[in-house]
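Chains as they are written, first to last, in the working numbering: chain A, 1405 to 1518; chain B, 5 to 115.
One should not assume that every hint holds.
[Stated by the list, open to error] Computed list of lysine-lysine pairs in BS3-like fashion (alpha-carbon distance at most 30 Å, straight line): (1) A/1446 / A/1487; (2) A/1487 / B/59; (3) B/107 / B/58; (4) A/1446 / A/1461; (5) A/1482 / B/59; (6) A/1446 / A/1482; (7) B/72 / B/57; (8) A/1461 / A/1482; (9) B/58 / A/1487; (10) B/57 / B/107; (11) B/72 / B/5; (12) A/1446 / B/59; (13) A/1482 / B/107; (14) A/1487 / B/72; (15) B/72 / B/107; (16) A/1461 / A/1487; (17) A/1461 / B/59; (18) B/59 / B/107; (19) B/58 / B/72; (20) B/58 / B/5; (21) B/59 / B/72; (22) B/107 / A/1446; (23) A/1461 / B/72; (24) A/1446 / B/58; (25) B/107 / B/5; (26) B/57 / A/1487; (27) A/1482 / B/72; (28) B/107 / A/1461; (29) B/57 / B/5.
[To be verified] Incomplete in silico selection of chain A near chain B, CB under 10 Å: (30) 1491; (31) 1493; (32) 1507.
[What the hints assert, rightly or not] A few chain B positions that, by computed beta-carbon distances, are all more than 12 Å from chain A: (33) 10; (34) 16; (35) 44; (36) 75; (37) 107.
Hints are computed from structural coordinates only; laboratory data are not their basis.
Just so it is clear, CB atoms sit at the ideal spot from N, CA and C, and this is done for glycine as well.
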Amino acid sequence: EPEVTQTPSHQVTQMGQEVILRCVPISNHLYFYWYRQILGQKVEFLVSFYNNEISEKSEIFDDQFSVERPDGSNFTLKIRSTKLEDSAMYFCASKASNTQETQYFGPGTRLLVL
Amino acid sequence: KNEVEQSPQNLTAQEGEFITINCSYSVGISALHWLQQHPGGGIVSLFMLSSGKKKHGRLIATINIQEKHSSLHITASHPRDSAVYICAVTSYTGANSKLTFGKGITLSVRP
């Protein structure tokens, strides 16, 4: 069964460093999302992406964040200058079409900023 | 902005018990989702509902649109059902169909 994959599974970085989190959505899906979950808190929406552009972003998704779909398969989240409070589990999700509401989640990347 | 509330916050049950987890939301939605999160962190979609009731194996999900309330029932619970159960809603279809999540309920089923 097709699945969303994410790499790396864990990443440790120093404050101020750039990180790129990678996702490979299900191949025929058109809508892509990034969510994050700070330890012990609920999952929060970061950004949605469709037709090679951001369709919605949350207040969390400030200028330090960017997303890209560079090659038609990968979907990346970049944090330019990480802060301690960026430590969280980051989930990528995709869905097939605008009539399909189910989103399929990747296993997540656990980011720790020291 | 939709607020999603779940109850109870934590739940412990004995194997075989019938379990009910509740979810309420504040604003009209296009769909409600029940998700399962295991200790490793991965999230799996269990149900997507816009009306009525759905059943999959021992899991049953219902939604009452007028009351803005949904329930997830687990029949004949088993220790492998132990997980965090999360309710999430989408307010729009299409590209802007982001999920708004509840805090989740930690279910522990004892053998």
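Hint check:
no., hint, result
1, A/1446 / A/1487, "holds, 19 Å"
2, A/1487 / B/59, "violated, 43 Å"
3, B/107 / B/58, "holds, 22 Å"
4, A/1446 / A/1461, "holds, 17 Å"
5, A/1482 / B/59, "violated, 39 Å"
6, A/1446 / A/1482, "holds, 22 Å"
7, B/72 / B/57, "holds, 14 Å"
8, A/1461 / A/1482, "holds, 14 Å"
9, B/58 / A/1487, "violated, 42 Å"
10, B/57 / B/107, "holds, 23 Å"
11, B/72 / B/5, "holds, 14 Å"
12, A/1446 / B/59, "holds, 26 Å"
13, A/1482 / B/107, "holds, 26 Å"
14, A/1487 / B/72, "violated, 38 Å"
15, B/72 / B/107, "holds, 17 Å"
16, A/1461 / A/1487, "holds, 19 Å"
17, A/1461 / B/59, "violated, 34 Å"
18, B/59 / B/107, "holds, 23 Å"
19, B/58 / B/72, "holds, 17 Å"
20, B/58 / B/5, "holds, 27 Å"
21, B/59 / B/72, "holds, 20 Å"
22, B/107 / A/1446, "holds, 5 Å"
23, A/1461 / B/72, "holds, 26 Å"
24, A/1446 / B/58, "holds, 25 Å"
25, B/107 / B/5, "holds, 16 Å"
26, B/57 / A/1487, "violated, 44 Å"
27, A/1482 / B/72, "violated, 37 Å"
28, B/107 / A/1461, "holds, 21 Å"
29, B/57 / B/5, "holds, 25 Å"
30, 1491, "violated, 14 Å"
31, 1493, "holds, 5 Å"
32, 1507, "holds, 6 Å"
33, 10, "violated, 9 Å"
34, 16, "holds, 19 Å"
35, 44, "violated, 8 Å"
36, 75, "holds, 19 Å"
37, 107, "violated, 5 Å"
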